[in-house]
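Assemble chain D onto chain V, guided by the hints.
Residue numbers (the working numbering), protein chains in the order written: chain V, 1 to 506; chain D, 1 to 270.
There may be inaccurate statements among the hints.
[Stated by the list, open to error] Label-pair distances were calculated between CB atoms; the ranges are:
(1) D:N40 / V:Q299: 29 to 35 Å
(2) V:Q427 / D:D107: 33 to 39 Å
(3) D:Q26 / V:I133: 56 to 62 Å
(4) D:H167 / V:P19: 57 to 63 Å
Hints are computed from structural coordinates only; laboratory data are not their basis.
The model shown is predicted, which means the values in this text are computed figures rather than measured ones.
Here a beta-carbon is modelled for each residue, glycine too, at the ideal position from N, C-alpha and C.
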Amino acid sequence: MNDWLDLKNGSAVSLATVPSIPYDALFDSIRERCGKGDRPVAYFGVAEGEGVTLFTVLANDGEGVLAAAQTELSRGQHIRSLTPALPLFHLFERELFEDFGILPEGHPWLKPVRYAANRFDPDAKVEDYPFFILGGEGVHEVAVGPVHAGVIEPGHFRFMCRGERVEHLEIQLGYQHRGAETLFGTGPLSQKGALAESICGTSAVAHAAAHAMIVEAASQTRLMEGAGIAREVLIEIERAGGHLATLSALAGDVAYLPGNSVMAGLRTTVINTLLELTGSRFGHGMIRPGGILRSVTTQTGKLVRERLAGVAERLDHLGRVMWSSPSVLSRFERTGTVDGETARRTGMVGPAGRASGVDRDARRDLGVPWRTGGQRPANIAVCLEQEGDVLARAMVRYRETLESIRFVDGTIASTDLSSVERTSPSQTRNMRPSPDLFAVGVIEGTQGEIVHTLVTGPEGETRRYKIKDPAFNNWYALALAVRGEAISDFPLCNKSFDLSYAGHDL
Amino acid sequence: MFDLIKLRREQGRQYIKDIAGATVSQNYRGFPLLDETLCNGCRECVESCPTGAVTLDRLKIDMGRCVFCGVCEAACPTGAIRFSNEHRLAATSREALIVASGSKPTDYLATAVRPRKELKRIFGGSLRIRSVSAGGCNGCELELAATTNVNFDAARFGIDIVASPRHADVVVITGPISANMATALEATVSAVPAPKLTVLMGVCAISGGVFAGSPALSRDFLKNHTVDLYVPGSPPHPLALVHGLLSLLGRRGFALKTPNTPETPADTDG
Chain V
1 MNDWLDLKNG SAVSLATVPS IPYDALFDSI RERCGKGDRP VAYFGVAEGE GVTLFTVLAN
61 DGEGVLAAAQ TELSRGQHIR SLTPALPLFH LFERELFEDF GILPEGHPWL KPVRYAANRF
121 DPDAKVEDYP FFILGGEGVH EVAVGPVHAG VIEPGHFRFM CRGERVEHLE IQLGYQHRGA
181 ETLFGTGPLS QKGALAESIC GTSAVAHAAA HAMIVEAASQ TRLMEGAGIA REVLIEIERA
241 GGHLATLSAL AGDVAYLPGN SVMAGLRTTV INTLLELTGS RFGHGMIRPG GILRSVTTQT
301 GKLVRERLAG VAERLDHLGR VMWSSPSVLS RFERTGTVDG ETARRTGMVG PAGRASGVDR
361 DARRDLGVPW RTGGQRPANI AVCLEQEGDV LARAMVRYRE TLESIRFVDG TIASTDLSSV
421 ERTSPSQTRN MRPSPDLFAV GVIEGTQGEI VHTLVTGPEG ETRRYKIKDP AFNNWYALAL
481 AVRGEAISDF PLCNKSFDLS YAGHDL
Chain D
1 MFDLIKLRRE QGRQYIKDIA GATVSQNYRG FPLLDETLCN GCRECVESCP TGAVTLDRLK
61 IDMGRCVFCG VCEAACPTGA IRFSNEHRLA ATSREALIVA SGSKPTDYLA TAVRPRKELK
121 RIFGGSLRIR SVSAGGCNGC ELELAATTNV NFDAARFGID IVASPRHADV VVITGPISAN
181 MATALEATVS AVPAPKLTVL MGVCAISGGV FAGSPALSRD FLKNHTVDLY VPGSPPHPLA
241 LVHGLLSLLG RRGFALKTPN TPETPADTDG
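Chain V with its partners taken away, still in its complex shape (with noise of 0.2 Å):
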C-alpha cells in the first residue's frame, strides 16, 4: 500500500490530494509503514454532522518525510483497535474515543484523556475517573492531586502500592483543559500567536513558531529573508532554560543545593537575553506569521553571546563537580528506568526519549520549509543516552543546554540577525489560509516535537485545528518509569521528564 501523499515539513496541500483510503486498508497500511519504523504525528477527526473525517498523518524520520491519508467514519463507530500491536497509538484512539465516540474495539486501556468541553459524552466527568484499582494483601493506594505540593500545573496521581514499592501508577489528566483548539478556530487564524503562546508555558516560543509555519504554509506566505533564523535562535534559547529549569529541579529533589541554585540563576540570565530579545522572559510577541515583529540588533545579539558564553562557562564548572558527586549520581543512577524498547513501542519523544537511545529529532530529521529545500541543519547534535534513567535524562537536558548555546552562539556570529526585516501586525493580519487545505508543521520543542495541523473549510476557514504536545507522547511513559521504584522516588522521576499537563490538556 502505497496510496499515502507524502508531505515536507511545514507545508500545505489541497485536501482532494489526501488520499482517502478505507479504514481496513488504513488499518493494514499502518501496521505494515509501522512495523517499519514509521510513527504517528497525528491522527485525529474532523466532524461534519454525523460524518467523521480522520486524518493520519505519519513520520518517517530517516526519510524526512511525512505521509498523509484521511479516512471516513462516523461519530459511535466501532473500528479495530490498532493499539494491541502499535501502543505508539494507544493515546491518539483514546481521543478519538473521547472526542468522537468512535471506539476502538480491543483496546486495552480505553479511558478519558482530557474530559474535553466538547467532549463526545458530557456526562462523563473529572470527578469519575475510572481508575485501575489493584488488590492483594498489604496494597495500599496513595492519592496525589490535582493540586501538589510545589508550585507545578495540576494532575491526579494514584499510585497502587506495595509498602514503599509502586507497583502501578495511574496519571489522570484533563484538570489543564482551556478549549485552547477550539479556539483557534473561532477568529482569523493569523490572530492567534498570542493563544500559541499559551499552549504550553515551557515551550512558548516553540508553539509560535509551529503556528506561524502553519500559517504561512496555509496562506502560501513566503517568510522574511532571515526570519526562520532568527526563529531557531529564540527556540534553542529557550530550550536551554526550560532545560536548567528542569535540571535546578531536579538537584533541588535530591538536596543538592548547588546545583539547585546555581542552575536557577543561570536560568534567570538565560531568559533575560530572551527578554533583551523579544521583550518578554518567555519569548512572547516575538514571533508571528510571515516573520519577526521586532529587529534585533548587533548590540543586542553582542549581547546575548557575552551572557550565554558566561552560563556555558559556569555550567561546565558546576557540571565538573555535580556530575562527580556521589550524592546525586546514586539518586540519579538507575532511577525511573525507560528501556529503549519500551520508549519506542510507546512512542517516545523529546530529550526524555532521546535519553531511551532513541534516536529521534524534529531539528535534525524533518527539516524546517526556511531552510532551502527543507535541508537538514547539520551544525546542531543530537544527544543521546542509552540508559533511560533520571541520569540519563539530567545528561541530555545537560548536554543540549550546551549545544544549544554553542548553536546561538555559532549563529548569531555567523548570521546578520539585525538586517532581518519585521513583519508587521497588518501584513499577519491580512494572511488568510486558502480554502479547503491541509497543512503540517513539525518544530521540535524544549520536551520534543510538537505537532500544529490545520484543516480548512470552503471559505478558508479553520475546521480543525489540532494540536499535539509531546507531553501527549511521553506522560505514559512515566507512569511506566516508576513501576517497581520507591514512591518517594516520583518526584524525581516526574521531573526528569517534566512534561506538560497544559500542553497535553489543551
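For chain D alone, kept in the frame of chain V given last:
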C-alpha cells in the same frame, strides 16, 4: 570539597538588593504609555490586539486583559502606544488596571496598591503562599516559583511557598480557571485558615486572557470570593508579585518608590 568552595566563590552575590527600586531591562514590556494626541484613529491597534484590551473611544489599555505581546505597539504608525519597562504592575482593584492616555508609571505606582494596615500586623513578618494553577500554562507558575530563587529571594521578607493550604496565608491563583479545576480550586481555598488573602497572578487568572470566553472555563469562583491583589502580565515578572505583596502589606519602602539605578540579575555580579 575544594571544588565546591571554588564553585561557590565563582557565583558571587546574585540577589537583587533593592527589590523595591529594582528596574529591569529597557526592553521589558511593562506599563503602557499612551498618548491620545498622537492617535490618528486608524484602529490598527484594536484590530491587532488578541484579547480586546485596547479601546479607542478614549485610548485605553486594560492591563487585566493585555497579554503584553506588544503587537499594538508594533502596529501603531504614530507612536501613540508604547510600552515602558515598568514591571511593578500589581493593583488592589480591577479598575486600577485600566490605563488611560497620559497615565504615568509613577502615578500608577503611587495609587495602584492600597496598603492595608491590619495586614501588616498579621502577615508583615511572614506570608506563606499556596499556589493553585487552574489552567495555567506554566508560565506564571515558573515566575511564581522564581520568586524564591537566588536572584529574587523573597524568603528574606518572610514570603515563602508552602506545600499545604493549611499552612498558607495567601492563595495565588494562576490560569484562566478551567472548569475541570473549579472544584479543586474551591476546595483548596476553603482549606486555608482565615484570615487569608486571594491573589490573581497573570492575565489568564484576571480575565481569562487569550482563553476568555472559552466554554471549557468556569470562573464562578470569582463571583464568590473577593480578590485582594491583581498582578497583571503574561506572565508577570517575579518582582511584580513580590513588590505587589509587600506593598499590600504596607512594608516600608514599597509604596510610592520611584525607580533608581538599573539593577538586573545579569548585571549584579559579585
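Hint by hint, here is what the structure shows:
Take D:N40 and V:Q299: their Cβ atoms lie about 31 Å apart, and the range 29 to 35 Å holds. Checking the proposed 33 to 39 Å range against V:Q427 and D:D107 shows it holds: the Cβ atoms sit about 36 Å from each other. Evaluation of the 56 to 62 Å hint for D:Q26 and V:I133 yields a pass: the beta carbon distance comes to about 58 Å. Between D:H167 and V:P19 the beta carbon distance is about 60 Å. The supplied range of 57 to 63 Å therefore holds.
Comparing the model with each numbered hint stated earlier shows that all of them hold.
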